[in-house]
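Engineer: Generate the whole structure from the sequences, applying the supplied hints.
Sequence lines, in order, name chains G and P. Per the working numbering, the first sequence starts with residue -13, numbered consecutively. Per the working numbering, the second sequence starts with residue 0, numbered consecutively.
These are calculated hints, taken from the structure and not from any lab test. Some clues are possibly wrong.
Stated by the list, open to error - Straight-line C-alpha distance at most 25 Å; calculated DMTMM-like pairs for lysine to aspartate or glutamate: (1) 122/P - 428/G; (2) 94/P - 432/G; (3) 191/P - 293/P.
Since we're looking at a predicted model, the values are computed, not measured.
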Amino acid sequence: MSPRAQVYILAALLALMGAGLTIYKNRALGFPLLPGEYRTVWTIEAKVRFIGEGGPVKAALTLPREQRNMEVLNESFSSSGYGFNVIRDNDEYRAVWARRSASGPQSLFYQLDVHQTPGAPLEQPLDLSTKVKKPFLGAREQEAVRMAINSLVDTARERSSDTRSFTTQLLTALGDTRNQDRNLIFGYYKDRSLVDVALTVLAVADIPAHRIRGLYLEDDRRRLDPEDLLEVYDGERWVVFEPRSGSPGVPKNFFIWQRGGKSLLDVEGGRNSQVTFSVISNDVPARDVSMMSTSKEKEALVDFSIYSLPIEQQSIFKLILLVPVGALVVVLLRVFVGLRTSGTFMPVLLAIAFIETRLITGLSIFILILVLGLWVRFYLSRLNLLLVARIAAVVVTVVILMGAISVVSFKLGIEQALTVTFFPMIILAWTIERMSIVWEEDGPYEVVVQAGGSLLVAVLAWWVMTNRYVEHWTFNFPELLLVLLGFILIVGNYTGYRLGELMRFRQLVR
Amino acid sequence: MGVLGMNARNVNYIARYNDRDKYPIVDDKLNTKRAARRYGIPSPELIAAFETQASRRRVMELIEPLWQFVVKPARGSGGKGILVIVGRDGDNYLKPSGAVVTADDILRHISNTHSGLYSLGGKPDRVMIEALVDFDPVFDNYSFEGVPDIRVIVFRGFPVMAMLRCSTHASDGKANLHQGAVGVGIDLATGKSSHAVQRGLRVHRHPDTEMPFDKLQVPGWRDLVRLAASCYEMTGLGYLGCDIVLDRKRGPLLLEANARPGLAIQVANGVGLGGRLRHIESLDLEQLEKNVEERVTYSMHQFAASNTP
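Structural biologist: As structure tokens, this is what we get:
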């Protein structure tokens, strides 16, 4: 195979790999393609309060179930002086706090961060019992109430075709304050909620049903009581109903805490126990959300990447990952434009220094050091020194110049000039040496051309490297470097003219 | 359009026809000189070579009796670091421009060269001291201060294009076209000037001496082309530029060979290299195995100015 074909195949493979990994990270792991994407993360805090009676205390709180469209990013428990563990009990997780003796008001906290993802909220099938426990409506129950319930069931059944529409009809009737039957029932069950009554009526109608406890995620809610939904078995699957509207489906923003009917909180050895919730929303960078959710599952692509490094090293890598982009700029300008620079990749190093120093400060410091350095170098050239010693002397001069610039500018109150230390000294010294040779051999014009070319490339590279999209892509999708590598390989095969050559050979074309 | 661009030169010709392991023969002028002697190719006489940093005494001993010599870095590029001494003024030395150079200046130059100031990548270098070529006076009127040399591009053993580089006042006696030297395209068939260019513009007379270029004729042209063609066997490089000077007595001498010859020759000739290179590439194997003499004959016929559209 010819080298050219190999290059194209290799470049295509690299580009495919890079693009594939990028798409995977974006689609499957949720890394944002564009910078500045924020996701809403809800922080939910459950506060358990009770009054200790002085003896041993045990409080058990049901923890939220896995929910498909809510991703739990983080959970934490806090309770000073309490022993704590999580137990699994009949398909449910419960947090258990225990203490030998507690008296007076007690507070226990459970906090979790969740992030809403698209998708159906509940998984099917649910292996909850579909047995119906007929409510006992015996002698103690008034005949009128039983009649009212039966009448409600009959009316709803008449006006419906299946379990779903039956439930909707029933809930509508239970919400209608003009309905005589409904008023009678609620008059009897004074201390019961809508869902309680609906469960009773559904049991009479022989339909399996249970309650769902949860919260509506709305920003800045405090001391919330859990809200209830109704879940009904229609013979094949479980369907959730919002009791007030009677419409099927889990409402948007509803965070399911407990599914199925047991207690939410059990406290032994305390009284007046209650659990309240508060909800706060935070806007968190999308990348952080992806990082949090993938770190749990130990996604290899993320776990074996620079994200696993300490933060300090990561920030260094943020800079290093920009170098290939700078190199690409150099390649493009040299291959397609034909700019002359002093030292092939020296402009990239300059550009990196500019990132730290800001452009204008960096440019002025660089030109200042270059001019002063050239001036010193011209004197040194008259001293008949060996080359290595002379360059070392220039290095020392450059260091002294940097020190002087820092101190003088600091005294003058120009703190930006302190960033002078980001310039690569050795490179500066060599640049000065080369420039002085170019000056001697080819004259000052060539020095201006080469220094100007280098600065132009450096500024362009700086401009590209500080682009927020480029910064975002290089750091969050380092696999894009493979695409870049493929592209550079293809550019390396370019045999067409450079922009500068169109000028140079224009006479020949005619 | 047959103009060869830098990218095409690098990818299609240099990378494809020049083996990396043969570069040392041309990149180091001492190696070139040795190879030339082995192949019987004449080149300027080597007076001495310093492999390592030479002591002051040794250098002084050597240059003390000399009146005319050239100090060169073995691995210099683009004519950098070449110091030409054409005469003496007491203890001091004279450059072609008349500038005075002291012995200390020469010592410093040698020391710098050793340290790699003029070599690619700043690697430590060797220094050679050559005899000054006794230039053939035919070009005296076509050159200001410096001495013209002839560049011939040889592709797979076939000379494909030639030019004469004449220094001018503007180029400060240097033969670099981008510094203002005149590039004169030479017709491969006859050795006569076919086209001349200074700073990208066509000229008909030398800007300093006012000599018209159409009277220019390189003497012993066929010998010169043959010398260039034989460099192919010597270096083994497929795409090659040979720099040749004319000595009054010895005729053409090989100054140096270059594995990455520049593209200015196209401007000097007003003709692109691309078409000629592709013509050679289209030859079959049998034709490529011709000897030097046959190749020269073929090229002089094929690439004659009268034959080029």
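Engineer: It remains to establish, for every hint, whether it holds in the given structure.
Structural biologist: For each hint, the structure was consulted:
1. With a CA separation close to 21 Å, the supplied pair residue 122/P and residue 428/G stays within the 25 Å bound.
2. At roughly 23 Å between alpha-carbon atoms, residue 94/P and residue 432/G fall within 25 Å of each other, so this suggested pair holds.
3. Note on residue 191/P and residue 293/P: the hinted pairing holds, with a Cα-Cα distance of about 21 Å set against a maximum of 25 Å.
Going down the numbered hints, you'll see the structure goes against none, and every one checks out.
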